[in-house]
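Engineer: What follows is the residue order along each chain.
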Amino acid sequence: MGPFIEIISRPDNIAIVLMMFMVAFFTFWAFQQAIRNDSLRSRGEPIDGEYDERIDTWKPLVRIEFIIALIVFIGLTFWSLVVDAPLEELANPTLTPNPAKAPWYFLGLQEMLVYFDPWIAGVVLPTLIIIGLIAIPYVDNNPKGNGYYTFAERKWAILIFCFGFVVLWILLIVIGVFFRGPGWLWFWPWEVWDHNRVVYEGTTDLTNLVGIDSRSSLGFFIGGGLVTIYYALGMILPYLYWKKYKAEFLSSLGMIPYITVSFLFWTMLALPVKMFLRLVLMVKYVLVTPWFNI
Amino acid sequence: MKDRSSYTPFLFAFLSLLLLALTVWVIWKDEIQLRPWKEYQQEYKELKASKLQSEYDEAVTLFQSSGDAQKLEALKARLEEADRIFQSKEVQEKYKGLAAQKDIVEASLDQNQKQLQEKRGKFLQVEYLYIRDQREQDKKTMQALQKEIGGLTENRDALLEQKSSIGEKIGDLTKEREALLVEIESLHKGLDEKLAAIESNEHMSEGIKQVHISDADKADRCITCHIGIESTYRLTDSQPLTPHPARFVYLENHPVSDFGCTFCHRGQGRATTSPDKAHGWVHHWTEPMLEGRMTQASCISCHEDTEYLRGAEFLAEGSGLIKKYGCYGCHMIPGYEGLREIGPVLAEVGSKVNYSWAVNWLQDPKNYYEAARMPKFYFSKGEAESIADYLFSMTGTTRHDTLYTDEEIDWDLVEKGKAIWGQSRCNICHVTNGQGGAHAAVHAPDLSKVGSKVSKEWLFKWIKDPKKYFPETKMPRYRFSDEEISALVEYIIGEYQDFDFEPDYEETVPIKAESIEKGKMLVEKYGCFGCHKLKGMEDMQNIAPQLLRAGATVAGGESSEKIGAELSSIGSKPLELLDFGKMKGKIPHSRESYVQQKLRAPRSYRDDLRMPDFRFTEEELKPLSAVLLGFTDASRPLRFIVPGHTRLDQQENEFGSHPLAGVFSQLAEDVKCLNCHKIKGHGYDFAPDLTIAGSKLQESWIREFLDQPDVIRPMLKQMPRFNLGKQLGMIQGNLKPLEIETVVNYFRTELVSGDIPATLPELEEAPEADPVELGRQLYDEKGCVACHQIGSEGGTVGPNITNVGGRLTAGFIFKYLEDPRKFSSDNVDPDYGFSERERVYLTRYLMSLKKGTNNAEISETRSEQ
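Sequence order for the protein chains is H and Z. Quick note, the first sequence lines up with residues 483 to 776 if you use this note's numbering. Quick note, the second sequence lines up with residues -1 to 863 if you use this note's numbering.
A hint or two may mislead.
As the list claims (entries may be wrong) - Chain H regions said to be covered by chain Z (calculated; three or more residues, Cβ under 8 Å): (1) 549 to 560; (2) 566 to 573.
Said to hold, decoys possible - Below, simulated SDA-like cross-link-like pairs (lysine to any residue); rule was C-alpha separation at most 25 Å, straight line: (3) H:Lys583 - H:Leu653; (4) Z:Lys27 - H:Phe560; (5) H:Lys725 - H:Lys583; (6) Z:Lys27 - H:Ile553; (7) H:Lys541 - Z:Leu15; (8) Z:Lys36 - H:Ser562; (9) Z:Lys584 - H:Ile553; (10) Z:Lys173 - Z:Ala97; (11) Z:Lys582 - H:Glu571; (12) Z:Lys533 - Z:His329; (13) Z:Lys676 - Z:Gly318.
Treat the hints as calculated values from the structure; they're not laboratory data. Cβ atoms here follow ideal geometry from the backbone N, Cα and C, with glycine treated the same way.
Turn these sequences into a full structure, and let the hints steer you where they fit.
Structural biologist: Dropping the structure here:
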């Protein structure tokens, strides 16, 4: 465990360790509140925040804010006294550090580069993430859950968010920080980060697995077909299902928001799907085009 | 909303106290913890203060005891007397009167000055108008003004005269007093300066001190702690306050203000918060400080020649080792390109050595003799046999050994051979049974067991003409007759046998073709052609990584472009690019230990490495690693660079060609004069430098010496007989009666110096006695006898000068006495600062010392008495 302790105690990584605990704690707390509220609600009792309870800014709010500000200030001062800024070597333009890691908040994106080509992982997916976040107010037509915690009333929204944020985003950051060493190779916590380590990972394109050159027209059409089928089925099947059972939200949502949400959702799920293909079947790309690869 | 206000005051108070404590911590950390240099500076100040104080006290005591104090008292009394006189009513009246007069004169002078200025200004204005308008009226005004200016000037001169005469009179009154004041001050000056030094030390400002070298991009704050590094005071021996060691070599030539510290020592010059950080002993600082002798690695950055560089002896040792072991055979190293392969030519080795010997040698050269330079390649017996098969296949088709142990010995011939061996001074270069080898720089092989190694036929051919077998050999061609060579061969083979030698192939065995092929592959894989010339492999490339550095170019060939990538400069190669492989965790994780381990056990990092094991001792590892660590890609300002002479010379003449010319050069090449002598910077330091031999030596002496080398050097440094002259029975075919003439002519025409006069200068005054006798007196007076021998009397530090008058020219002796170090910086003769007259006498005396002359005999008889 020596190497692991060394890695988690690095000055750069203290914030990530803190973040892991804080995300876990707040997620847990939110769910606890939500479940409590849901059970209150089911018994027909009132819950915090549901009614219009207003308090003064001065003094109750300012007092709390001031004390919290003090605590944060003391915490940061203490931290900066005890831990020096984790500077590394002088920058050398002819020598990139190994591993060359992005800032911690982008490590999720960097980890995606293992599974997608740079154009997809570096440009398309980040753009879609931002567009998706912007789209939330327009596609979310569920008015419940404002000002109080609840799970029962927003199951899908909460589950999808938790999967996207906690599982994908945070987990990929944690992997990027603690499990990716020199050469962006996977290091278990008990392994020393060896700069001279060599790992052979032979990946092939999906169609090559069944003997069709992914760069041929046939390969292109098969790959493209698979991607199209993935999205088409992902959008049509749920639609038909909900249509059959006459789900209420579907009619209130409208067609365009449904397609948007559905596209974004399956794009998000494409990451774990591709991770599975890459890690288990050693698949490099499903679709190869001269401009980008998926 | 619950009301939490009941405990907020306590929380607030607690947090405030915490914040206060943190603030105190911040101040403590910033002022004390992160400024460890404060303590050093204070300590230095105290040490210096006590040193200055004690110096001052000493000076005061000296002042008291030397009588200066009494003198001061007397002067003060006289000053008082002078004061009293000056203050007396009579003098004061006179003084005041004069002063008043002076004031008046000065006031008039002021007035006069103002008027002059006014008139001149007006004059210029009118002159301008006159030039513009050409009006007569203006011209008149100009003339009038000119006249006035003339009058005023006269007036001023008169006033000035008046003023100086008054000044003189005043001076008469105060002169004595002022003279006394000056005297008192000069008497007290030394003490005052010391007091001022104490004062200024007390007011020395504390703070971070920095040297900024803008063109080297260095800002070194080392002197913040090493505050006394440039001081001539040695206040303490402990770091960081002690001065720089050997500052006369290092700091005198590289002042801190011009070079900083980290340029040579590396380390993190900007860090001031802890010694570890400043010295670069922290994880992310890639250039940890170099200490002690390892610092010399940095000399290579700027000095292209480090071989004779004072203060870089450690480095010179390292580059000597690179040359000795021929590292440049496999690695491309700037500054070492174009040097000869260190191993012998292997073209005809099959007819030279025994097969069993070759196999044994290939497995481990040190089996044969301990000082072997060839490294161990860890060949198995099978591999060694394959290589031997490949080499033997170039001249024959069989594995064979030839032994002479059972042969009848011709003792007469052996005796004759032994005499020739001694006369030819073979032992100067060759070691036999642990003896000889004084001239180690030529790396002649140890001959103790040569009888079991080589064949007589080969040895005969070799001695007769070494260059025929090995064109670049250092072995001279002795002009022996065939008969003499036979005798010598008989002696060598008979005398130097290896009785442990076990031949396996006394019966010849044919060589198998597969084995030859396998041997060739091994030769190519391990790059034997790096050190040995091999047929068909002349164009093979260096097999090992290049050891380049920034800005260095490799002369010749395709790789002449500049190489700046740091990957090739081992001295600054990033640590993570060094593959510690199997040694990871077993040796310190630093560049220095990596390099040293590579040299210590070249194949210890991985299994398939090819570098052979040179069996370097720990004493050899360190200088070698210093050289390697010096190969960095660090940029340095052009003004620091000291170009190398060797390189410039190499560029001028193609390497290997002679600095000598004409017939003499062929002769010198034949007998290898430059193996021992140095001429115009080429050759070795073993025997005297001959660059100015033509001016230094008398012609007749050169002739005689070449005929029969005389005893002026101790045994094993004596010049061998090359049989150049006719008297010694030259070989018929090689007989060149003009050879001595050639040498003498070359010396007289080429190896001369314009500084050395042909004759002694004439003295203006005739000497009061016989100059030779005066010279002899000087010789005795100055104690020359302590080092030099005349006859058998005197010391042996300097050369024996019994026959100096028959050997050296008068001009040379005369010039040499003026400044012995002029001719070679290593001469130890003291500089007596002789006058020209003295030098003439001494030269006359020395010139009178000739073998068989009266003077020498006199000294001999003297010593006998």
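Engineer: Take the hints in turn and mark each one as holding or not.
Structural biologist: We went through each hint and held it up to the structure:
| no. | hint | verdict |
| --- | --- | --- |
| 1 | 549 to 560 | holds (count 7) |
| 2 | 566 to 573 | holds (count 4) |
| 3 | H:Lys583 - H:Leu653 | 16 Å, holds |
| 4 | Z:Lys27 - H:Phe560 | 12 Å, holds |
| 5 | H:Lys725 - H:Lys583 | 47 Å, violated |
| 6 | Z:Lys27 - H:Ile553 | 21 Å, holds |
| 7 | H:Lys541 - Z:Leu15 | 22 Å, holds |
| 8 | Z:Lys36 - H:Ser562 | 23 Å, holds |
| 9 | Z:Lys584 - H:Ile553 | 47 Å, violated |
| 10 | Z:Lys173 - Z:Ala97 | 15 Å, holds |
| 11 | Z:Lys582 - H:Glu571 | 22 Å, holds |
| 12 | Z:Lys533 - Z:His329 | 21 Å, holds |
| 13 | Z:Lys676 - Z:Gly318 | 17 Å, holds |
Violation of the numbered hints given earlier is confined to hints 5, 9; the remaining hints are satisfied by the structure.
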